[in-house]
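Peer 1: As a plain string of letters, each chain reads:
There are 2 protein chains.
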Amino acid sequence: MPGVMELLPMDQAAFQEMLDVIRRGFESYGFLPIATPTMELAELLLRKTGGETERQVYLAQSSGAADQGEEPELALRFDLTVPLARYVAEHRNELTFPFRRYQMQPVFRGERPQQGRFREFYQCDIDVVGQDSLSLRYDAEIPAVINTVFANLGIGEFTIGISNRRLLAGLMTGLGLESDDAMMRELDKLSRRGPDEVVASLRQRGASETSAQRLVELAGRGVVTGEAASALLAELETTSGAGLAQGIGEVREVLSLLAQLGVPSHRFGLDLGIARGLDYYTGTVYETTLVAHPELGSICSGGRYDDLAGHYTDRRLPGVGISIGLSRLFWQLRAAGILPAPKSPVTALVALLDDEGLEAALQIAADLRTSGINTESSLEPRKLAQQLKYADRSGIEVVVVAGPEERAKGEVLVRDLSRQSQEFVARSDVAEAVSRMRSV
Amino acid sequence: MPGVMELLPMDQAAFQEMLDVIRRGFESYGFLPIATPTMELAELLLRKTGGETERQVYLAQSSGAADQGEEPELALRFDLTVPLARYVAEHRNELTFPFRRYQMQPVFRGERPQQGRFREFYQCDIDVVGQDSLSLRYDAEIPAVINTVFANLGIGEFTIGISNRRLLAGLMTGLGLESDDAMMRELDKLSRRGPDEVVASLRQRGASETSAQRLVELAGRGVVTGEAASALLAELETTSGAGLAQGIGEVREVLSLLAQLGVPSHRFGLDLGIARGLDYYTGTVYETTLVAHPELGSICSGGRYDDLAGHYTDRRLPGVGISIGLSRLFWQLRAAGILPAPKSPVTALVALLDDEGLEAALQIAADLRTSGINTESSLEPRKLAQQLKYADRSGIEVVVVAGPEERAKGEVLVRDLSRQSQEFVARSDVAEAVSRMRSV
Chain A
137 MPGVMELLPM DQAAFQEMLD VIRRGFESYG FLPIATPTME LAELLLRKTG
187 GETERQVYLA QSSGAADQGE EPELALRFDL TVPLARYVAE HRNELTFPFR
237 RYQMQPVFRG ERPQQGRFRE FYQCDIDVVG QDSLSLRYDA EIPAVINTVF
287 ANLGIGEFTI GISNRRLLAG LMTGLGLESD DAMMRELDKL SRRGPDEVVA
337 SLRQRGASET SAQRLVELAG RGVVTGEAAS ALLAELETTS GAGLAQGIGE
387 VREVLSLLAQ LGVPSHRFGL DLGIARGLDY YTGTVYETTL VAHPELGSIC
437 SGGRYDDLAG HYTDRRLPGV GISIGLSRLF WQLRAAGILP APKSPVTALV
487 ALLDDEGLEA ALQIAADLRT SGINTESSLE PRKLAQQLKY ADRSGIEVVV
537 VAGPEERAKG EVLVRDLSRQ SQEFVARSDV AEAVSRMRSV
Chain B
137 MPGVMELLPM DQAAFQEMLD VIRRGFESYG FLPIATPTME LAELLLRKTG
187 GETERQVYLA QSSGAADQGE EPELALRFDL TVPLARYVAE HRNELTFPFR
237 RYQMQPVFRG ERPQQGRFRE FYQCDIDVVG QDSLSLRYDA EIPAVINTVF
287 ANLGIGEFTI GISNRRLLAG LMTGLGLESD DAMMRELDKL SRRGPDEVVA
337 SLRQRGASET SAQRLVELAG RGVVTGEAAS ALLAELETTS GAGLAQGIGE
387 VREVLSLLAQ LGVPSHRFGL DLGIARGLDY YTGTVYETTL VAHPELGSIC
437 SGGRYDDLAG HYTDRRLPGV GISIGLSRLF WQLRAAGILP APKSPVTALV
487 ALLDDEGLEA ALQIAADLRT SGINTESSLE PRKLAQQLKY ADRSGIEVVV
537 VAGPEERAKG EVLVRDLSRQ SQEFVARSDV AEAVSRMRSV
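Those protein sequence lines, which keep their order, are chains A and B.
Each number in the working numbering comes from the position in the first sequence (counting from 1) with 136 added on.
Each number in the working numbering comes from the position in the second sequence (counting from 1) with 136 added on.
One chain only, chain A, in its complex shape (with noise of 0.2 Å):
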């Protein structure tokens, strides 16, 4: 089908390791899971949204409501914020505030299938949802988690690039330029288009021309790290804008605790183009970029918000969050070779030359099994070469065989794939000698 992205088993198991790293860096941080339906209200879930959204929502309908009498319309979720949003609004009083949740779940839009843009795809998303106010702490939490998982995720270097919306629109007042969403939404764009493009489409927008490049020289820094970001914010300082100097002093912050919190000072920095289009965003804005990847652009986005369900709730509920498309990632990863060769989940296969060697075969397996060592059991007996091809195939580390001549001798041949040795182990040793080879 396309538009979906289905895997063969090892490159499953490739894809699901990487959703158990990025689940444990979740959790070293202390967020808790929540996971919400596939399919929610219409009403609820589309009250917020506008039209381009609306245009890629999947409705769903049961083939037997007909007979059912009246069904409320069901949507497909599109992303993790909205149902975060219902969630909390309706479990508020169940949950502590701030509220630290992570979720990692399959979304689905409509969209026309193209190249790596999937039409199911999962999202790895947490958030720290305050009541009323939330203390601007959270907003260097969130890249400190981001930081643990990708560096677990041994995917190569990263930048955490950072920005903020307040700042961005008082350098914009202070420039003598508009600082609506379309400018945001200008500055966004400039990777993609080049600053000519966008210096054109400011003046367009009224801008100078000095202004104009101003803006836009600032905004192609790219992530600017360490003692020059501070220089960058003191350089900003003598720019006056509305909000300028409460942006200024957030970043400064942020930056700040992201190095106390552990955060190597080159992985994280300034980064004044980047913008988030959304107007969902209201202070600190985050993207990260693989260093030698650039062209794969933002593998990571979020920021912080004013108030998350307001569709839902009367009760303000700030809050700031960073979101992971593992899907489109894994995708372009792989083709761009950098994800590490895949690794069989399985560690160990017991070949089988002979009906007669069944039982002790299967206790093996067991033995092994016992242990913690995943082990596939070959239940037909095939010649012993091809057991090994097949063991290769799979990813499969070591192979053990008990035929009849180690079956009379009580003994037992390990066999280590990867770097083509053997050894013949006593029956009762089996387990250990395995587990030998395999921490090699």
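By construction, these hints were calculated from the structure, which means they are not laboratory data.
Certain hints may be false.
Distance windows between CB atoms, simulated [as the list claims (entries may be wrong)]:
#1 A/230 to B/430: 30 to 36 Å
#2 B/525 to A/332: 57 to 63 Å
#3 A/416 to B/249: 29 to 35 Å
#4 A/528 to B/525: 54 to 60 Å
#5 A/251 to B/183: 25 to 31 Å
#6 B/477 to A/541: 50 to 56 Å
#7 B/183 to A/252: 26 to 32 Å
#8 A/495 to B/477: 29 to 35 Å
#9 A/230 to B/183: 39 to 45 Å
Bear in mind the structure is a predicted one, so any value in this text is a computation, not a measurement.
Glycine residues also receive a C-beta, built at the ideal position from the N, C-alpha and C atoms.
Model the placement of chain B on the given structure of chain A, informed by the hints.
Peer 2: Relative to chain A, chain B alone:
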């Protein structure tokens, strides 16, 4: 929304833990993961289903479909077997046979919501699929996996009942009865309707009183284990019916292999009351029940089938598999009070008493995470009593405090909430101290 199971974070963590235990059990036997799309072409998904399933399927359409020209109709998967059939047929040349896969995903049915019956629920399936043929030995491996999984879930003792459609058909023929699917379904109703009602309906279908009584008596014995199972099989051999001897031989081999696979003898046995109504099954059939909670019915069912994907490919693909309906099981276990108290995935809370202590608190939290301890860090100062209460309610075991006095001495207070004990340790020893408390 009615008909969905939406959990609070701690329950969600417990649900995920069950998914993890099941996955590790599947992988320990060398099964590999696949995942199929939530939506498939309705034409493909419904190719083999009869009326009942078809009525309960969710059909989906993108809200933008009208703008994008003709879109084929989509349906949400209602089980994992039909998608497996489509997957194996589609990727046949890229898979190795016997193909051993596990799949753990939600499925969707537009049923009228009832207690513990959900419209979206997780199924956890394993299947071994052969090409042209598949050894009976795999019929024994499947319940061995289930034994490992349920033992590791720690939800009390259970029994895996095994029967065989060929044996049952032979037995019915031998008793002068019809042996069609309708008869199998009658037999399957025994535990719900009781012997009298089933005898009466067998009589209506033309069975003699003696034959009906005999069949119902045999089917009503429940799970017969160990030596008694061998005796029962020997007793059945005195009857003659087409296929009976083959069925008896198959059951005998499966029971014998299960013992060789190390499954304790009280955990499995022959249960002639298991017929599985579906005409899909052709040989071995399974049901699993909790010893202390027979009222929950079968918590895991499956069996052997002759051809998985006849609707998608000409190649014959015999297989054997089993399915755990986890959402329903989780709901039932929770309602019956069998689930262990949910444990938070978060081990430690680093409390914050004063803003001056923020940097120290962040660094302690970073140290704990580096040592593999899932740690939440309080980012806003509050009274210690409040933070202790929060940790206690959240199931966090250890609270770490570096208030002004502790910082002045280079110390940290580490408090074990479950044992109501605490100690002061040097700042550099905090990770070691928390690890020690956790492992007690």
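Peer 1: Each of the hints needs a verdict: does it hold here or not?
Peer 2: Evaluation of the provided hints:
{"no.": "1", "hint": "A/230 to B/430: 30 to 36 Å", "result": "holds, 33 Å"}
{"no.": "2", "hint": "B/525 to A/332: 57 to 63 Å", "result": "holds, 59 Å"}
{"no.": "3", "hint": "A/416 to B/249: 29 to 35 Å", "result": "holds, 33 Å"}
{"no.": "4", "hint": "A/528 to B/525: 54 to 60 Å", "result": "holds, 57 Å"}
{"no.": "5", "hint": "A/251 to B/183: 25 to 31 Å", "result": "holds, 30 Å"}
{"no.": "6", "hint": "B/477 to A/541: 50 to 56 Å", "result": "holds, 53 Å"}
{"no.": "7", "hint": "B/183 to A/252: 26 to 32 Å", "result": "holds, 30 Å"}
{"no.": "8", "hint": "A/495 to B/477: 29 to 35 Å", "result": "violated, 42 Å"}
{"no.": "9", "hint": "A/230 to B/183: 39 to 45 Å", "result": "holds, 44 Å"}
In this structure, the one hint that does not hold is number 8.
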